[in-house]
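All chains, please: the whole structure from these sequences, using the hints.
At position 100 of the sequence shown (counting the first as 1) the number is 100 in full-length UniProt numbering, and the numbers step up by one without a gap.
Hints were generated in silico from the structure; no laboratory data involved. Watch out, some of these pointers could steer you wrong.
[Stated by the list, open to error] Quick list of the computed label-pair ranges, beta carbon to beta carbon:
1) VAL73 <-> ARG49: 18 to 26 Å
2) ARG30 <-> LEU94: 44 to 52 Å
3) VAL35 <-> ILE15: 23 to 31 Å
4) ARG49 <-> PRO10: 18 to 26 Å
5) ASP91 <-> GLN34: 41 to 49 Å
6) GLY61 <-> LEU95: 38 to 46 Å
7) ALA6 <-> LYS71: 23 to 31 Å
8) GLY42 <-> ASN22: 20 to 28 Å
9) LYS78 <-> ARG29: 18 to 26 Å
10) ASN97 <-> VAL7: 29 to 37 Å
11) LYS96 <-> ASN53: 44 to 52 Å
12) VAL64 <-> VAL35: 17 to 25 Å
13) ILE92 <-> LYS2: 36 to 44 Å
14) LYS11 <-> GLY42: 26 to 34 Å
Ideal Cβ positions, reconstructed from N, Cα and C, are used throughout, including at glycine.
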Amino acid sequence: MKKRSAVVFPKDIRILQTLGENITLAMKRRKITQVKLAERTGLSIPTIRNILNGEPSVSIGHYVMVLSSLKLVEDLGKVALDDEFGRKLQDIELLKNRTL
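Rendered as structure tokens:
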């Protein structure tokens, strides 16, 4: 069976790379090595490296495992919390439907 992979645009790859850099900094602040992180998460060293490089082929579940071991997984709950664009779309629709 052929392995499927997500198509990730260059702009979004940069965001994943930034995430990887942020995870690397969090590890350094905590003085946690890749080996220690692999032991804590049960992930292989190559997978840890891929996460730190922001590889889009790594499953979000593995990113969650790493963030959880660094006590940062709650940050994922903040994604799309303040949906400014969605509110603007909703407001436009509400304005179109009002009666004068």
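**Asked** Quick one: are ASN97 and VAL7 within 29 to 37 Å, going by C-beta?
**Response** Holds, since ASN97 and VAL7 (Cβ atoms, about 36 Å apart) stay within the stated range.
**Request:** Given the hint of 36 to 44 Å, check if ILE92 and LYS2 actually sit that far apart at their C-beta atoms.
**Result:** Between ILE92 and LYS2, where Cβ atoms are some 42 Å apart, the hint holds.
**Prompt:** Falls inside 41 to 49 Å, the C-beta gap from ASP91 to GLN34?
**Reply:** Cβ of ASP91 to Cβ of GLN34: about 46 Å, so the range 41 to 49 Å holds.
**Prompt:** Is 44 to 52 Å right for how far apart the beta carbons of ARG30 and LEU94 are?
**Reply:** holds (46 Å)
**Message:** Looking only at beta-carbon atoms, does the pair GLY42, ASN22 fall within the given range of 20 to 28 Å?
**Reply:** For ASN22 against GLY42, whose Cβ atoms are near 22 Å apart, the range 20 to 28 Å holds.
**Asked** Is 18 to 26 Å right for how far apart the beta carbons of VAL73 and ARG49 are?
**Response** holds (20 Å)
**Prompt:** When you take the CB atoms of GLY61 and LEU95, is the distance between them in 38 to 46 Å?
**Reply:** holds (41 Å)
**Prompt:** Do the Cβ positions of LYS11 and GLY42 conform to the proposed distance bound of 26 to 34 Å?
**Reply:** holds (32 Å)
**Request:** Starting from the hint 23 to 31 Å, judge whether the C-beta atoms of VAL35 and ILE15 obey it.
**Result:** Between VAL35 and ILE15, where Cβ atoms are some 27 Å apart, the hint holds.
**Request:** Given the hint of 17 to 25 Å, check if VAL64 and VAL35 actually sit that far apart at their C-beta atoms.
**Result:** holds (20 Å)
**Request:** For the range 44 to 52 Å, tell me whether the beta carbons of LYS96 and ASN53 fit it or not.
**Result:** holds (45 Å)
**Prompt:** For the pair ARG49 and PRO10, does the Cβ-Cβ distance stay inside 18 to 26 Å?
**Reply:** Between ARG49 and PRO10, where Cβ atoms are some 21 Å apart, the hint holds.
Violated hints for the displayed structure: none, as all numbered hints are satisfied.
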